[in-house]
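Line order of the protein sequences matches chains A and B.
Going by this note's numbering, the first sequence opens with residue -8, and the numbers climb by one from there.
Going by this note's numbering, the second sequence opens with residue -4, and the numbers climb by one from there.
If you're looking for bench data, these hints aren't it; they were derived computationally from the structure.
Owing to the predicted nature of the structure, the values given are computational and were not obtained by experimental measurement.
There's no promise every hint is true.
As the list claims (entries may be wrong) - Some chain A residues judged to face chain B by a derived CB distance under 7 Å, without partners named: (1) Gly51; (2) Leu146; (3) Thr158; (4) Val161; (5) Ile179; (6) Met180.
Stated by the list, open to error - Quick list of the computed label-pair ranges, beta carbon to beta carbon: (7) Pro372(B) x Asp204(A): 27 to 37 Å; (8) Lys389(B) x Leu43(A): 23 to 33 Å; (9) Gly82(A) x Leu10(B): 23 to 33 Å; (10) Ala95(A) x Arg174(B): 31 to 41 Å.
What the hints assert, rightly or not - Quick look at which bits of chain A chain B covers, simulated, 3 or more residues with Cβ under 8 Å: (11) 12 to 21; (12) 129 to 140; (13) 172 to 178.
In this text, a Cβ means the ideal position worked out from N, Cα and C, and glycines have one as well.
Here is what each chain is made of, one letter per residue.
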Amino acid sequence: MTQISDLLLLAIVLVNFALLGATRLSTTIRAVAVQGGLLGLLPLVLHGGPSLHAVGLAVGTVAIKGVILPRFLTWAIREAALRREVEPRIGFVGSLLLGVVAVAVAFAVAARLPLPPELARPLLVPVALATVMVGFIILTTRAKAVTLVVGYLVLENGIYLFGLTLTEQVPFLVEIGVLLDVFVGVFIMGIVVFHINRAFDSLDAEQLAQLTD
Amino acid sequence: MLLVALILVPVLAALGAAFQPRRAGRLVWLLVGTGLHAALLVATWTIGPPAVPGGWLAFDPLGGLVLSLVSLLTVGVATYTVGFVRPGDPRAGRAFESCLLAFLAAASLVALSHHLGLLWVGIEATTLATAPLIYQRDDPHSLEAVWKYLVVCSVGIALALLGTFFLATAQVAGAVAGRPLVLDDLIQHGAGLHGAWVRAAFLFLAVGFGTKMGLAPLHTWLPDAHGEAPAPVSALLSGALLNCAFLGVLRAFQVANAAGEGDFARPVLLGLGLLSLAVAAVFVVRQDNYKRLLAYSSVEHMGILALGTGMGGLAMYGSLLHMLGSSIAKAVLFLLAGNILAAYGSKLAHDVRGVVRRMPISGVLFVLAFLAITGSPPFVPFMSELAILTGAFKSGHAVMAVAMLALQAVVFVGMGSAFLGMSLGALPERAPRIRERAWLVAAPAVLVTVLLVLGLHIPAALQRALVAAAGSLGGVGP
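Based on the provided sequences and hints, a complete structural model is requested.
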């Protein structure tokens, strides 16, 4: 079981790099969908086999993060007839280098964290922290509104991964609440993105800088 | 049962309103829902129901105070909404009333949660319920405001979620007894929590919920959202929503205190509070948009709340009283700013002159609420700021108190020059008097009366609740 979970976690790290290097919006959305799916499979292999709690969580996560939200975002960019490039502010090589730094920092920090033995899983915490940081990199270096939504999803994925160390501590109801909140949040963001496009004829978040003092 | 009903009644009313095609029908649901919620809340105060099994929902004086404030303001905003017509929106926003009620439900969940995971779900739900309210169909700028609000607050609250998980880790790492993330158990077994994890958790929770509360440096969404939203929504955001996030910060503070990390937590709050006051002072001066001016005043008062909490002792009591006073005054100002905007058609202070003469009721109330928010006697914010300052000198935060006074003086000058010009000022020629609708001035009049009465005398029951709430945060009453 540990081997499978390690493979899943490594795949999540690879998806992080795919996200940072992707040049097309549709690729980033597909990548975040894959990440959501991988995230959903993890509860099944962690904590020694599937329980009812783990299965419920897996189904909810795969459905929301792996299928519904990516489909909705794809719909939003198609309906809004966006230009399909990502247009980062610092270039793809720069983003990827930042990603490498993030992963290194995550492993260094995780090694020093005073984690209790029953929570310490060799890969889970560093991958979670790296994913949180990659989410922040996307949020701060991308200009388009849709990519900010993707960045927010990646950030949430990282936090969710950290939460998976605690499935016995965090009750099912709260996890479902978190999933639902993210779901509705991204849904409303998607609708706003759609309206922004109609109002400003562009989804460039830099156009959204007219309210100043 | 009562606790669950407080959350479910607004949810059901929101559903009821959602299926009403006519505005009149939706308004009935809004008034009945908020009224029933207020009645249930009164019953809850008198009965003091036990915690729901599992300890997830419970009623304590601190949560009760926040919920009472939210309830009072929601009822006020609901009556104002009856007379308020949103400009340029032919369908008058069908989801408007449902979203108001959904916000009330989410705020109730926040106030009653004694499970920190559930608290997080509630605070995120308040963001989502209010985001559609900010959008106005005819104004592309409001889209920008909604977008910033959603992105900045969602990212901030995501940090708070990480902080919540850290707190759960602190419980496991400290190997303490008690149910995971249940507030009362965290406090009871606080001494055993793992110190480093508690400190990390508090930092993330304070910055995360602080973002939603409007504390600098992550306050950037606030002036846009408050400035662009329709009047009743601005009032609700500044008076009720910010305090829900403040409650989140206070819950984290309670746990940090119990874990013996108060000495770490207090300077964090003092720093965030002082920075917020400074930012507000810089942006209030020469600010011509009066709604943004009010928004920066919200940043200022949230900063004062954080400062009072960080000082502790009597200042903690003052901070809770100030939460009530400043929020009510701010809600009144935003509602009246809506009346002024409707009459003059401009958000710029220099376009607005002679409000007192053209609309006497709104004008006089506007001046009174301005005096209240700037801490003039005999209104309640004067009493609360006095308590905070006294507490500051008692606990050896004299420098902090002087800085707070100086920055507040700057804000006073900035607000005063704009608002007095608007209220008095020379009347434009041949400007007719405006007939004021009762619905639009009733709630502000009642709320200003509340500010005045509380400033003169705090009822014994309220005083008991304030002292008990301050006590649960390590503070003392007068």
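The hints, checked one at a time:
no.: 1; hint: Gly51; in the structure: violated (14 Å)
no.: 2; hint: Leu146; in the structure: holds (5 Å)
no.: 3; hint: Thr158; in the structure: violated (10 Å)
no.: 4; hint: Val161; in the structure: holds (6 Å)
no.: 5; hint: Ile179; in the structure: holds (5 Å)
no.: 6; hint: Met180; in the structure: holds (5 Å)
no.: 7; hint: Pro372(B) x Asp204(A): 27 to 37 Å; in the structure: holds (31 Å)
no.: 8; hint: Lys389(B) x Leu43(A): 23 to 33 Å; in the structure: violated (55 Å)
no.: 9; hint: Gly82(A) x Leu10(B): 23 to 33 Å; in the structure: violated (49 Å)
no.: 10; hint: Ala95(A) x Arg174(B): 31 to 41 Å; in the structure: holds (37 Å)
no.: 11; hint: 12 to 21; in the structure: violated (count 0)
no.: 12; hint: 129 to 140; in the structure: holds (count 3)
no.: 13; hint: 172 to 178; in the structure: holds (count 3)
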